[in-house]
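Here is how the chains run, residue by residue.
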Amino acid sequence: MLQLKWESYKAKNGELALMLNGYQLYSKYKPKESAFNWIQSEFDENAEEYILIGLGLGYHLEYLLKYAGNKKIYVYYFDEIELRLFEEKGNSELIQLENVKLIKKVTGIRMDENIQILIPNAWIKAIGENHPLNNILEIIKINQMSYNRSKKLMYSNFQLNILNESEIIQYSNSRKIGCLIAAGPSLDLTILWLKEHQGVVDIFVVGAALKTVLTYGILPTGVVISDASDLIQKQFEGLNYEGPLYYLSTANNATVKFLNGPKYILYQRGFIPAENEAIKRNSPLLDTGGSVGTVTFSLMEKLGYRKIVLFGQDLGFPNNQTHSEMSSSNVKMNANNIKRKIKANDGSMINTNLMLYSFWNWYEEKCKQGNLKVYNTAVQGAKVSNVELINEDIFNRLIKENIEENGDFI
Amino acid sequence: MKSSNEVLELKESFNDYLHNLSGGVLYIANCFKEDKLSEALNSIYDFSEGMTWLNDAMRLLNEHGDNIFIDFARIKEYLIEINEGLEKQDYLLVADIFEYEIAPFFTELN
Chain Z
27 MLQLKWESYK
37 AKNGELALML
47 NGYQLYSKYK
57 PKESAFNWIQ
67 SEFDENAEEY
77 ILIGLGLGYH
87 LEYLLKYAGN
97 KKIYVYYFDE
107 IELRLFEEKG
117 NSELIQLENV
127 KLIKKVTGIR
137 MDENIQILIP
147 NAWIKAIGEN
157 HPLNNILEII
167 KINQMSYNRS
177 KKLMYSNFQL
187 NILNESEIIQ
197 YSNSRKIGCL
207 IAAGPSLDLT
217 ILWLKEHQGV
227 VDIFVVGAAL
237 KTVLTYGILP
247 TGVVISDASD
257 LIQKQFEGLN
267 YEGPLYYLST
277 ANNATVKFLN
287 GPKYILYQRG
297 FIPAENEAIK
307 RNSPLLDTGG
317 SVGTVTFSLM
327 EKLGYRKIVL
337 FGQDLGFPNN
347 QTHSEMSSSN
357 VKMNANNIKR
367 KIKANDGSMI
377 NTNLMLYSFW
387 NWYEEKCKQG
397 NLKVYNTAVQ
407 GAKVSNVELI
417 NEDIFNRLIK
427 ENIEENGDFI
Chain F
325 MKSSNEVLEL
335 KESFNDYLHN
345 LSGGVLYIAN
355 CFKEDKLSEA
365 LNSIYDFSEG
375 MTWLNDAMRL
385 LNEHGDNIFI
395 DFARIKEYLI
405 EINEGLEKQD
415 YLLVADIFEY
425 EIAPFFTELN
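Going down the list, the protein sequences come from chains Z and F. Residues in the first sequence are numbered from 27 upward in steps of one, following my numbering. Residues in the second sequence are numbered from 325 upward in steps of one, following my numbering.
Hints listed in this document are in silico derivations from the structure and should not be mistaken for laboratory results. Glycine included, every Cβ here is placed at the ideal spot set by N, Cα and C. Hints are not guaranteed to be accurate.
[To be verified] For the chain F half of the interface with chain Z, some residues (derived, Cβ under 8 Å), not all of them:
| no. | residue |
| --- | --- |
| 1 | Leu361 |
| 2 | Asn379 |
| 3 | Asp380 |
| 4 | Asp390 |
| 5 | Tyr415 |
| 6 | Leu417 |
| 7 | Tyr424 |
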């Protein structure tokens, strides 16, 4: 059982403060104020219920109550020592309130969009990487932070994009093998496999990999964009791409306008305006997963592909490269961004960071369900359970077998 | 050797920067307190570049007759503490250093 080391002490202003495993959970100068600042900046008044991760001395709870009024608050505490500390040294009346419920497990709580999960980052760091909850809390947190950064842009892009009157996607029951082209470093090694099979497979390319794909003379079935930022327009500059574009409803509007081919709008789960629009237009809803690669996977699933081959979806890096050489997103990582190690398809350990790890986790969940057959081509990419690594020979054989089963798609 | 005009301009920039520094430092502290990590980390980078610039500017101004003293040894200690906090990822510790040690240091200077 993991030991959590709690240490209460007197802060410089005389209030009680708390450290966990040597990490500050509050400011050591003005502990209550630091909790207040945090709640004030995070609190979402539109939520109907709240889950607060970490009880500590109850400072976050105290301020949350001030903002939340009578709304239901679940407070998750990590162990009995924490609870006892709070009962002895904190404002123990707070947990007697009718709308406050202490919990030791998060199962059994209905999670919908109207519940806000409040996770002070200090707790995640303090419980440590080996704590069983560390991964899931990190993933939730990083998605929250990413959303907060792009929220405004997402809304404004959405308002403009729905005016485009783009087509929605339709399920097509395609028997073709779908190839997902992401921009990870392994793409440089595998892109050529696609050259001779262009007519018989469908190729969906993330924006960041378009340049690479076109340079090798491969024509995509579609290109996918999901990012709200203006920067993604760079992915298309000088390429004269006029093929189909699949764009997330919150994707950068200027980029959508910049392109001239047929356009399809994608509505995502978890963004209320998109969900409403999807109902209005009777469109499928996509799970985004947080990256353009995962959006593309979701798209291909909704379009009806039963067999998907992943190209360049490394979700990790053996050395320091995050994207393929020609991708506009290629950035040399430095040691600070490397968060952890993960097992690759060839059994070696590769590096990954928090964001890539959260995408890997999404694939793990997605590929658990058995209805899709997914293959991976990234030898030194992260291993996803139930996803088989294939080489070029097997790829060619899969295609041949698919043609034998279904005809040659002419 | 700099012209007297350039020196005057430098002095003005120097004073302006010092004047705005406490506000900037408090901004960094707030970003850490509010879990706005990428803003915070980018700002720290700007801050440490700023300290280098401040040091160079001080030296140049003193070479041209001024008599400014800023305790950069102390600033260096703060930066070391910040670095330790960052490596550990104890961001409330880093916030405290910015808010309660560095900000008052520059407020006093002014």
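task = Check each numbered hint against the structure and report the violated ones by number, ascending.
result = When the structure is compared with the hints, numbers 2, 3 and 4 turn out to be violated.
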